[in-house]
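In the working numbering, the protein residues as written are 2 to 261.
Do not take every clue at face value.
What the hints assert, rightly or not - No farther apart than 20 Å at their CA atoms in a straight line, the calculated lysine to any residue pairs in the SDA-like style are these:
1. K233 / N113
2. K24 / I239
3. K121 / D84
4. K215 / H199
5. K3 / K248
6. K3 / I239
7. K79 / E40
8. K13 / E40
9. K24 / K248
10. K3 / R21
11. K233 / E143
12. K3 / L23
13. K13 / P44
To be verified - Between beta-carbon pairs, the in silico distance windows are:
14. K215 / N186: 33 to 39 Å
15. S62 / Y208: 17 to 23 Å
16. E118 / L142: 36 to 42 Å
Hints were generated in silico from the structure; no laboratory data involved. From a predicted model like this one, the values you see are computed outputs, not experimental measurements. Glycine included, C-beta positions come from ideal geometry on N, C-alpha and C.
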Amino acid sequence: MKIATWNINGIKARINNLERWLKVAEPDIACLQEIKSVEENFPAELFEAMGYNVAVFGQKSFNGVAILSKKPFDEVIKGLPGDDTDEQARYLEAVISVDGGVIRVASIYLPNGNPVESEKYPYKLAWMERLRAHAKSRLSLEEPLILAGDYNVIPTEQDVYDASKWVDDALFLPQSRAAYQAILNLGLTSAFEASINHPYCYTFWDYQRGSWNKDHGIRIDHILLSPQAADKLETCQIDRPTRGWEKPSDHVPIWIDLAV
DNA sequence: ATGACCTGTTTAACAGGA
Numbered sequence: 002m003k004i005a006t007w008n009i010n011g012i013k014a015r016i017n018n019l020e021r022w023l024k025v026a027e028p029d030i031a032c033l034q035e036i037k038s039v040e041e042n043f044p045a046e047l048f049e050a051m052g053y054n055v056a057v058f059g060q061k062s063f064n065g066v067a068i069l070s071k072k073p074f075d076e077v078i079k080g081l082p083g084d085d086t087d088e089q090a091r092y093l094e095a096v097i098s099v100d101g102g103v104i105r106v107a108s109i110y111l112p113n114g115n116p117v118e119s120e121k122y123p124y125k126l127a128w129m130e131r132l133r134a135h136a137k138s139r140l141s142l143e144e145p146l147i148l149a150g151d152y153n154v155i156p157t158e159q160d161v162y163d164a165s166k167w168v169d170d171a172l173f174l175p176q177s178r179a180a181y182q183a184i185l186n187l188g189l190t191s192a193f194e195a196s197i198n199h200p201y202c203y204t205f206w207d208y209q210r211g212s213w214n215k216d217h218g219i220r221i222d223h224i225l226l227s228p229q230a231a232d233k234l235e236t237c238q239i240d241r242p243t244r245g246w247e248k249p250s251d252h253v254p255i256w257i258d259l260a261v
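Please model the complete structure; the sequences and the hints are all you need to start from.
In structure tokens:
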């Protein structure tokens with residue numbers, strides 16, 4: 002079973018690229034972030050015609066997450082628990098029946114946190130703590146759990162083209178990386194490290210400063226697995242070529258194959 | 001050249017992204 006995640010940076014602007022990628026990549030499940038659309042305006046019919054069930058947690062103009070799944074959803078949960086006042090659409094979770102049981106998949110758009118001096122950075126750290134608490138709770142279910150998305154965290158200095166340029170950035174600050182590590186420390190496995198684990202493999206290249214042509218990227222999109230999912234991991238790959246397509250997202254898909 | 005952006009909202013510039 003192929004499970005992918007992709008920050009598409011706007012469903013309206015990326016609809017052709019998304020359709021093209023779904024046809025060639027053929028994921029069983031695709032977690033999408035930054036759809037920048039409310040649910041009513043998300044073109045679900047297009048993906049339903051391609052054989053997908055569609056779950057959307059949308060927001061006008063900003064954020065917004067979705068999950069496409071060839072198998073139907075048993076359950077869909079919109080929003081990350083832990084703060085009823087949080088109005089940003091950044092977390093969507095679904096339970097899907099598979100041969101021999103269920104898998105639980107989340108599409109995650111973790112806050113960027115810049116500028117660090119603003120209220121956005123404490124929001125990021127608080128959101129990460131909520132994600133840690135929720136992941137801990139879900140891990141107690143002892144299910145195959147896949148937490149996939151744009152984490153907006155550069156885990157190590159081998160995940161960025163020039164670490165010195167990012168030392169003061171919310172994506173690379175020690176506090177951000179420690180909060181990410183605290184989530185891993187619950188017992189989650191990062192699929193990339195467990196599979197490829199080559200340095201300097203990126204999932205994001207800024208639109209500015211010729212970042213793509215100079216390969217000035219960062220690795221911030223991650224797929225974290227519970228032990229029950231990690232046991233079934235066969236591979237993890239990054240679909241780098243999509244960044245060179247016409248009208249690309251600034252992120253590329255990252256995906257896993259699970260023996261499910 | 002040492003640098004050069006994109007999306008949504010709205011229909012001129014801004015906010016937000018990373």
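Hint by hint, here is what the structure shows:
With a C-alpha separation of about 31 Å, the suggested pairing of K233 with N113 is violated against the 20 Å cut-off. Between K24 and I239 the alpha-carbon distance is near 16 Å, which keeps this suggested pair within the 20 Å criterion. Straight-line distance between C-alpha atoms of K121 and D84 comes to about 15 Å, which keeps the hinted pair within the 20 Å bound. The straight-line distance between the Cα atoms of K215 and H199 is roughly 19 Å, inside the 20 Å bound, and the hint therefore holds.
Between the alpha carbons of K3 and K248 the distance comes to roughly 25 Å, so the proposed pair goes past 20 Å and is violated. For the hint pairing K3 with I239, the CA-to-CA distance comes to about 13 Å; that is within 20 Å, so the pair holds. Distance restraint check for K79 and E40: the Cα-Cα separation of roughly 12 Å lies within the 20 Å cut-off, and the hinted pair is therefore satisfied. For the given pair, K13 sits about 12 Å from E40 by alpha-carbon distance, which is consistent with the 20 Å threshold.
Of the supplied pair hints, the one linking K24 and K248 holds, its CA atoms being roughly 17 Å apart against a limit of 20 Å. Only pairs whose Cα atoms come within 20 Å are accepted, and K3 paired with R21 is accepted, the gap being roughly 17 Å. Of the supplied pair hints, the one linking K233 and E143 holds, its CA atoms being roughly 14 Å apart against a limit of 20 Å. With a C-alpha separation of about 11 Å, the suggested pairing of K3 with L23 holds against the 20 Å cut-off.
For the hint linking K13 to P44, the alpha-carbon distance of about 9 Å falls within 20 Å, and the restraint holds. Checked against the hint of 33 to 39 Å, the pair K215 and N186 passes, with Cβ atoms roughly 34 Å apart. Distance hint for S62 and Y208: a CB-CB separation of about 18 Å, consistent with the stated range 17 to 23 Å. A hinted range of 36 to 42 Å holds for the C-beta pair E118 and L142, which are about 39 Å apart.
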